[in-house]
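Those protein sequence lines, which keep their order, are chains A and B.
Count the first sequence with this note's numbering and you get residues 15 to 344, in order.
Count the second sequence with this note's numbering and you get residues 506 to 800, in order.
Just so you know, the hints here were simulated from the structure itself, not pulled from any lab data.
Ideal Cβ placement from N, Cα and C applies to all residues, glycine included.
Among these hints, one or two may not hold up.
[To be verified] Okay, the calculated bits of chain A under chain B, using three or more residues with CB under 8 Å as the criterion:
| no. | stretch |
| --- | --- |
| 1 | 89-103 |
| 2 | 115-128 |
[Said to hold, decoys possible] Each computed DSS-like pair below joins lysine-lysine, with the alpha-carbon atoms no more than 27 Å apart:
| no. | chain 1 | residue 1 | chain 2 | residue 2 |
| --- | --- | --- | --- | --- |
| 3 | B | LYS794 | A | LYS276 |
| 4 | A | LYS16 | B | LYS794 |
| 5 | B | LYS790 | A | LYS24 |
Chain residues, written in single-letter form:
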Amino acid sequence: MKTNLLNILKALMLIAALSAILIFMDSSKGKKDTRILKLALIQYNDSPLSELSQQGIMHGLVETGMKAGVDYTLDVLNAQGDISTLNIIIDKVLSDKPDLIFVTSTPTLQLAAQKIKDLPVVFSVVADPAAAGVCNSFTDHQDNITGISTMGDYEGMVRIINQILPGTKTIGTIFTPGEANSVKNMNALKKHSEQSGIKLITTPVNSSSEIADAALALAEAKPDIICQVVDNLTSSSISNIIKIADDNKIPLFGFVSDQSEKGAVIVVSRDYQQAGIDAVKLAKRYFDGEPIKNIPIEFVSKTNILINKDAAKVAGINIPKDLEKKWTEN
Amino acid sequence: MSLLIGALTIGLILSLLALGMFISFKIYNFADITAEGSITLGASIAAALIVSGMNPLSATLIAMAGGFVAGTLTGIIHTKFNINGLLAGILMMTALYSVNLHIMGKSNLPLMSQQTLISLAGDIGFIPDNDTAVLLVILAFVALTGVALHLFFRTNLGTAMRATGNNPQMIRALGVNTGLMITLGLGMANALIALSGAILAQYQGFADVQMGIGMMVWGLASVIIGEAIIGGGSVGMLIIGSIMGSVIFRLLVAVALRLGMNPNDLKLITALFVFIALVLPYITKKMKKRGVEVK
């Protein structure tokens, strides 16, 4: 019994010692050099999207004319996909009191919204901040949070359809009622297509086994183009949809870059590096004196347009050389 | 201070996970990977119910019940169909991914403006600072859970469960159904893990279908670190060890981050912590033995 108590005491002392280190190091960081801008970037996991966005942020910071290490420091932290570490990382950054915090991905943004109330936060690589619960609209958001939404460019897609297939009357998509983002994307596409007089035909699916039937049903309705919105279910079964579209001689347009090599004629995808650069632009506006509260959330300013020439040839679509040149140059 | 309070709070929330892992790993010697699914299950059930308007306490209790069902199913797969424990856990974890997606209806469910157990705890009047109030409430809650668990393992049923892990032949000879004991134990373990997930979701303000990844290792690490420091003399000590192990583990991660370690090395460093905790008791024992021989 005595050794038991002794061991518990030992553990308590270890906890106290570790706590003391944390408290001591906290207060020793109190002296702040006001000439150097302290920035932090918090990421949830290592993915091509977050890496591209990180490059964009670093690039954007250089473009502002500031020098790394002289005018600003950027502390990059990555939770490596671990949610409990993400919690501690956010607490760590909070106690560092940086001048501004960049975050990427939805869970990081949500945790930041929950824990950070009085430091400015700029996010990117978040498709739908409203669905994440951090804003009501792009102008009505939590007072200390703004950022860049990487939601699909539906307006741009409809513009491109009008450019290369001007006579288009109907487009079709499969969507997943069970996924909130799918319904949202479908409605966004509907809104923009109807504005230019194009009708959107939709077919719902609930599981991956229904995809083939849904694609056949959609092909029966003979839309001029299948313009597949983004969701988890259809993006993992996209090859299936593309094959059925091909069999029925209907061209397929998509929003995810890897769909291009899988046979989508045109893919309109967001540029994640640009998302980072745009995030820095929002941060710059804050440093120039605009309160975060007044800076609306924005979409990524640049969209990548990918053309699969073989697929275009099969579908009999002629992409005007000048447009092709313009898209690929960007 | 916020890093200290945050690390302690997360450590205590995840100590419920550690208690669950203690039951499956220390009592049944069963590395139950169901944990990675059931912690998310707890989070998604609690989040979905709270969003639908249920009061957070009932939502948390139902989340716990969900974890119990998941653990029981792993137990049944293991004992009735004679499937290897690790494999049974993997099967259940895989199935739970889809289940969790269905419960939430999407991959991520925010709880930004809803009333949760955490927001209620933060509003306790006599403690001025919200974060400190949350920490103290969770501390009290975890302590109560630990005491309850200790008392349970001293009842007849609890003793039979422990005996099933120690010496199944003996306890079978006494007429106890070992399969039932294992199934019940795994149910309890996963109920605690789901409870941990439900509280974690309310603390961080969302449930995400990916949040369980890596959790089993953290739970095991806490149990092992606790045992290394406190010693595994009795169930009570193992319970205290699991809780303290979880807190110490989180503090170590926080200190490592505070010291400015490259975040890409984080997983390497945590693996190192666990390795040290595993070999330390062995080395000290060996050294003591040698000391005796010299005398």
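Here's how the hints hold up against the structure:
Residues of the stretch 89-103 of chain A lying with their CB closer than 8 Å to a CB of chain B number 13, which satisfies the three-residue condition for coverage. Under the rule that three or more residues need a Cβ within less than 8 Å of chain B, the assignment of the stretch 115-128 of chain A holds, with 6 such residues. Restraint check for B:LYS794 and A:LYS276: the C-alpha separation of about 66 Å exceeds 27 Å, so the hint is violated. For the given pair, A:LYS16 sits about 21 Å from B:LYS794 by alpha-carbon distance, which is consistent with the 27 Å threshold.
For the suggested pair B:LYS790 and A:LYS24, the alpha carbons sit about 18 Å apart, so the restraint of at most 27 Å is met.
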